Amino acid sequence: MRALEYLRAPDTATALREAAQPGTRFLAGGTTLVDLMKCGVERPARVIDITHLPGLDEVTVSDTAIRIGALAKMSQVAADARVRTVAPVISEALWRAASAQLRNMASIGGNLLQRTRCTYFRDTAAYPNCNKRNPGSGCAAMDGLNRNHAVLGASDACIATYPGDLAVALVAFDATVRIMGRFERVVPVDQFFRLPGDRPDLEHDLAPGEMILGIEIPLSDALRRSHYLKVRDRASYEFAAASAAVGIALEADGRTIREARVALGGVATKPWRARAVEQALAGKPLNEAVIRDAAAQAMAGAQAREHNAYKIALAPKVVARALMSAGGIA
Amino acid sequence: MATQRAVRLRINGRDHDLTLDSRVTLLDALREYAGLPGSKKGCDQGQCGACTVHVGGQRVLGCLTLAMQAEGREITTIEGLAAPDGTLHAVQAAFVEHDAFQCGYCTPGQIMSAVACIHEGHAGSDDEIREYMSGNICRCGAYPHIVAAVRDAAARLGKGTSL
Ligand SMILES: Cc1cc2nc3c(=O)[nH]c(=O)nc-3n(C[C@H](O)[C@H](O)[C@H](O)COP(=O)(O)OP(=O)(O)OC[C@H]3O[C@@H](n4cnc5c(N)ncnc54)[C@H](O)[C@@H]3O)c2cc1C
Ligand code: SF4
Ligand code: FES
Ligand code: FES
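Residue numbers (the working numbering), protein chains in the order written: chain A, 1 to 330; chain B, 1 to 163.
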């Protein structure tokens with residue numbers, strides 16, 4: 001690990017001022033940053049510990065929205081009784097992620113910014129060829145072991161999967177992220193994440209020195225009847241092979257789908273909103289045949305590499321099962 | 001660039017004054033500088049739980065925490081779990097009674113994790129214990145006995161006991 005300076009910021013203004021110096025990174029829970037500093041992927045000269053900034057760890061639920069401060073811990077939000085009632089998908093996406101220890105450390109802001117688990121990206125010693133880490137150097141995964149790589153949203157430069165769970169739920173339900181730099185701005189989470197294109201090193205919309213202050217999730221009937229289903233190689237403490245964040249709002253008759261929300265994890269280069277599935281469900285009766293038909297559209301445009309074709313078969317089944325659970329017909 | 005400095009860590013109720021490089025993890029500070037090698041290093045990448053300790057009353061991973069992040073907070077390690085007279089903590093006793101280990105390498109992390117798991121109220125059933133203890137890998141596969149030990153200790157301690 002490269003030598004670095006550790007600073008603890010007492011307030012947001014100090015943190016932002018210090019972050020303006022080149023080579024500086026914010027340090028929250030450290031579960032991504034410290035890990036990647038050890039691998040040599042991240043090489044900051046200074047880290048600013050932001051976990052002591054006041055007022056950024058609160059969860060509030062109003063009549064219209066949930067607001068979560070960037071420094072709230074994954075475990076704290078997962079256990080919040082109000083969140084579990086109005087937005088089960090958020091709680092489930094969080095408690096099915098990582099482990100109890102990691103969730104006690106990891107912050108919501110850091111969670112959005114976690115980086116891919118592509119083994120070639122993490123292995124700096126053996127693989128110089130990684131366009132994400134080393135722009136223009138090639139991609140070792142393209143013809144390597146790519147079982148965990150993306151089938152949606154990939155480019156010729158990079159096929160790395162976005163590994164997180166929470167962000168999948170956030171894009172399904174139109175959440176926004178509040179960002180502070182020279183001025184404050186609000187960006188939809190769906191736009192916050194970028195496709196790799198020919199610049200896979202640019203993963204999101206945050207400029208150097210900008211800080212995430214928090215996220216906001218608008219309340220809706222679909223959010224109240226929502227579910228996160230995560231399928232993986234082992235029962236717990238594992239990233240998704242395929243996951244789905246879904247929600248269903250019904251008409252007054254209790255059998256017709258008024259609105260559906262669907263996003264996919266573990267299969268794409270960014271948290272993946274599946275609008276075609278949502279549109280195929282709107283106005284239809286809630287039953288298994290309708291759901292399976294609609295879920296079949298989740299993989300439109302998917303492209304497999306040598307080892308990851310199973311995701312194209314798996315994801316629609318995960319979407320269908322999640323929708324049936326949310327709809328109460330599983 | 002000031003990367004080396006004095007750090008006071010409060011471990012098991014006692015202050016330790018150490019001089020540390022900013023890169024030193026809490027796990028290495030405990031093992032290499034504070035003379036407390038009970039917390040183990042398995043993967044050093046957050047993937048096994050062998051390094052589990054309590055910081056501020058919560059279970060965390062020592063290998064992904066910089067020592068400086070833990071300054072000013074209460075740190076508890078496996079060495080601080082037994083009573084001053086040597087009486088084992090109920091979870092330690094249950095692990096011995098249920099033979100909940102083979103090589104023992106994962107055991108300090110398992111025990112620190114189990115104490116917190118019970119305290120959080122996440123030891124209500126065997127399934128819940130398996131889910132909330134999943135952050136601790138045991139290469140010897142002692143899982144059935146670990147679950148039995150946690151279940152037994154939870155019954156003896158009751159939910160929401162103090163750490
Ligand atoms: C073994 C393992 C298993 C895991 N499994 C899962 C899983 O199943 N599902 C899942 O979703 N995640 C999983 N994770 C990832 C984990 O959830 C993330 O590492 C964690 O959420 C990151 O949060 P943090 O506070 O620790 O971030 P840090 O490591 O502190 O920061 C991460 C990045 O974000 C930046 N940053 C942090 N906060 C802010 C802010 N407020 N503003 C601007 N920049 C900021 C930092 O500079 C850094 O670049 C796993 C991690 C590990 C190690
Ligand atoms: S898939 Fe992306 S992150 Fe992985 S080696 Fe290729 S360029 Fe790097
Ligand atoms: S040594 Fe910390 S999790 Fe493995
Ligand atoms: S007892 Fe050997 S690793 Fe768990």
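Simulated from the structure, these hints should not be mistaken for laboratory data. It is possible that some hints are incorrect.
[To be verified] Once the Cα atoms are required to be at most 20 Å apart in a straight line, the calculated SDA-like pairs of lysine to any residue come out as:
1. A/Lys-284 <-> A/Glu-251
2. A/Lys-38 <-> B/Asp-44
3. A/Lys-38 <-> A/Ala-3
4. A/Lys-317 <-> A/Gly-301
5. A/Lys-38 <-> B/Thr-87
6. B/Lys-41 <-> A/Lys-284
7. B/Lys-41 <-> A/Gly-301
8. A/Lys-284 <-> A/Gly-328
9. A/Lys-38 <-> B/Gln-47
10. A/Lys-38 <-> A/Asp-123
11. A/Lys-38 <-> B/Glu-32
12. A/Lys-38 <-> B/Gly-56
[Unchecked claim] Chain A regions said to be covered by chain B (calculated; three or more residues, Cβ under 8 Å):
13. 99-113
14. 130-142
15. 162-168
Fair warning: this is a prediction, and the values are worked out from it, not measured in the lab. We put the beta carbon where it would ideally sit given N, CA and C, even for glycine.
For a quick check of understanding: which of the numbered hints are violated here, in increasing order? 5, 6, 7, 12, 14 and 15
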